[in-house]
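Novice: Please model the complete structure; the sequences and the hints are all you need to start from.
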Amino acid sequence: MHEMAIAEGILDIALDYAARNQARKIQCISLRLGEMSGVETDALQFCFTALTKGTIAETAELKLNKIPLVGLCRECGKETHIEHYNFLCPNCDSGQLEILSGRELQVEYLEVD
Amino acid sequence: MEIQVMEDILGRNDQLASENQMLFAKRGVFVLNLMGSPGSGKTSLLEKTMAALKDNLRMAVIEGDLFTSKDADRIAKYDVPVIQINTSGGCHLDAAMVQKVLQELDLENLDLLVVENVGNLVCPAEFNVGEDVKAVVLSITEGDDKPLKYPLIFKESAIAVLNKVDLLPYTNFDMAAAKKDITSIHPAISVLEVSCTSSTGVEAWYDWLKEKVAAKKMAVNAHG
Numbered sequence: 001m002h003e004m005a006i007a008e009g010i011l012d013i014a015l016d017y018a019a020r021n022q023a024r025k026i027q028c029i030s031l032r033l034g035e036m037s038g039v040e041t042d043a044l045q046f047c048f049t050a051l052t053k054g055t056i057a058e059t060a061e062l063k064l065n066k067i068p069l070v071g072l073c074r075e076c077g078k079e080t081h082i083e084h085y086n087f088l089c090p091n092c093d094s095g096q097l098e099i100l101s102g103r104e105l106q107v108e109y110l111e112v113d
Numbered sequence: 001m002e003i004q005v006m007e008d009i010l011g012r013n014d015q016l017a018s019e020n021q022m023l024f025a026k027r028g029v030f031v032l033n034l035m036g037s038p039g040s041g042k043t044s045l046l047e048k049t050m051a052a053l054k055d056n057l058r059m060a061v062i063e064g065d066l067f068t069s070k071d072a073d074r075i076a077k078y079d080v081p082v083i084q085i086n087t088s089g090g091c092h093l094d095a096a097m098v099q100k101v102l103q104e105l106d107l108e109n110l111d112l113l114v115v116e117n118v119g120n121l122v123c124p125a126e127f128n129v130g131e132d133v134k135a136v137v138l139s140i141t142e143g144d145d146k147p148l149k150y151p152l153i154f155k156e157s158a159i160a161v162l163n164k165v166d167l168l169p170y171t172n173f174d175m176a177a178a179k180k181d182i183t184s185i186h187p188a189i190s191v192l193e194v195s196c197t198s199s200t201g202v203e204a205w206y207d208w209l210k211e212k213v214a215a216k217k218m219a220v221n222a223h224g
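Protein sequences, first through last, are from chains A and B.
Counting with this note's numbering, you get residues 1 to 113 for the letters of the first sequence.
Counting with this note's numbering, you get residues 1 to 224 for the letters of the second sequence.
Wrong hints could be hidden among the right ones.
Lysine to any residue pairs mimicking SDA-like chemistry, simulated, CA-CA at most 20 Å apart [unchecked claim]:
1) B:Lys149 / A:Tyr85
2) B:Lys149 / A:Leu51
3) B:Lys149 / A:Leu88
4) A:Lys63 / B:Lys179
5) B:Lys149 / A:Glu83
6) B:Lys149 / A:Arg103
7) B:Lys149 / A:Lys63
8) A:Lys25 / B:Gln4
9) B:Lys179 / A:Leu88
10) B:Lys179 / A:Tyr85
11) A:Lys66 / B:Asp8
12) A:Lys25 / B:Ile3
13) B:Lys179 / A:Pro68
14) B:Lys180 / A:Asn86
15) B:Lys180 / A:His84
16) B:Lys149 / A:Cys76
17) A:Lys63 / B:Val5
18) A:Lys63 / B:Met6
19) A:Lys63 / B:Ile3
20) A:Lys25 / B:Val5
21) B:Lys149 / A:His81
22) B:Lys180 / A:Leu88
23) B:Lys149 / A:Asp42
24) B:Lys179 / A:Pro90
25) B:Lys180 / A:Thr41
26) A:Lys63 / B:Ser184
27) B:Lys180 / A:Gly95
28) B:Lys179 / A:Asn86
29) B:Lys149 / A:His84
30) A:Lys66 / B:Gln4
31) B:Lys149 / A:Glu3
32) A:Lys66 / B:Leu152
33) B:Lys179 / A:Asp93
34) A:Lys63 / A:Leu51
35) A:Lys66 / B:Met6
36) A:Lys63 / B:Lys100
37) A:Lys78 / B:Ser184
38) B:Lys149 / A:Gly102
39) B:Lys100 / A:Ala5
Hints in this document: simulated from the structure, not taken from any laboratory.
Keep in mind it's a predicted model, so treat the numbers as computed, not measured.
Specialist: Structure, rendered in structure tokens:
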């Protein structure tokens, strides 16, 4: 259940940016979540709701922007969506797939009043 | 109003982890983040390691545990400095917890620091503590399906220790399938078959560790 730690991280960042912009209310927090970021989104939503009570993010919507797990083969140069966490290149079978995306765990933007 | 942010959610942890890493690098201390399920044999592997290497390597251990000091008590018997971190229910160690206890360690006179994480195949993989490498211990009694079920920890680890191989005849664990899955998740990973009970394969583990410690020392000497 590291989703609580992640929810805390999200709230800290959101409150910090909201304060710097003199926001009174946070309407929406948009996240970039990679396919291999290891986050259980239902658990994250649950923790976030519990944490934000009594803050200016209390009614904020968590927008989850899921980022596919994509690798680039350094051997044959082919870009592929990585299926079943198989990091052997489906084109040339080498183990040289470099992750281009899919590990993101970021706050992208806020919508505030 | 829209505010652009683009910040890593675990950025604060990563920042503290790199501060820890700099402290270790300055003194040439090799740091291993030892992860795995409860009961996989992390502490047993550590006990074997201490018994075999403590006369040649200056070791210390940080023990992560939810509530107890049971593991730290086991370590203390080997006369190796050990620090207990109780996470009070927290499922993983993070960089801040490790940073808080570092002043209790004599880093100047240390070659190897092992951070034994809370028993868990999920959460510890997400939180760097300032280690050089992560290692995962998977016992064969857990089943050969675990690598694909918990891919992140195998992706993050430089080495996977498959423990309790003395029990292979009594299980349906398919070693070839497990190794194939682990290397498909992480093609560059080292995989060792080990039994802490029968001492099978432990020499290969010691060699791997000694080589890493020596490389770290060399790196710090090279940079003055």
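Novice: A separate judgement is required for each hint: does it hold in the structure or not?
Specialist: Consistency of the hints with the structure:
no.	hint	in the structure
1	B:Lys149 / A:Tyr85	10 Å, holds
2	B:Lys149 / A:Leu51	29 Å, violated
3	B:Lys149 / A:Leu88	17 Å, holds
4	A:Lys63 / B:Lys179	38 Å, violated
5	B:Lys149 / A:Glu83	13 Å, holds
6	B:Lys149 / A:Arg103	17 Å, holds
7	B:Lys149 / A:Lys63	26 Å, violated
8	A:Lys25 / B:Gln4	16 Å, holds
9	B:Lys179 / A:Leu88	14 Å, holds
10	B:Lys179 / A:Tyr85	14 Å, holds
11	A:Lys66 / B:Asp8	15 Å, holds
12	A:Lys25 / B:Ile3	12 Å, holds
13	B:Lys179 / A:Pro68	26 Å, violated
14	B:Lys180 / A:Asn86	10 Å, holds
15	B:Lys180 / A:His84	13 Å, holds
16	B:Lys149 / A:Cys76	29 Å, violated
17	A:Lys63 / B:Val5	14 Å, holds
18	A:Lys63 / B:Met6	14 Å, holds
19	A:Lys63 / B:Ile3	14 Å, holds
20	A:Lys25 / B:Val5	16 Å, holds
21	B:Lys149 / A:His81	19 Å, holds
22	B:Lys180 / A:Leu88	11 Å, holds
23	B:Lys149 / A:Asp42	18 Å, holds
24	B:Lys179 / A:Pro90	18 Å, holds
25	B:Lys180 / A:Thr41	29 Å, violated
26	A:Lys63 / B:Ser184	32 Å, violated
27	B:Lys180 / A:Gly95	12 Å, holds
28	B:Lys179 / A:Asn86	13 Å, holds
29	B:Lys149 / A:His84	10 Å, holds
30	A:Lys66 / B:Gln4	18 Å, holds
31	B:Lys149 / A:Glu3	18 Å, holds
32	A:Lys66 / B:Leu152	17 Å, holds
33	B:Lys179 / A:Asp93	16 Å, holds
34	A:Lys63 / A:Leu51	16 Å, holds
35	A:Lys66 / B:Met6	14 Å, holds
36	A:Lys63 / B:Lys100	34 Å, violated
37	A:Lys78 / B:Ser184	17 Å, holds
38	B:Lys149 / A:Gly102	17 Å, holds
39	B:Lys100 / A:Ala5	18 Å, holds
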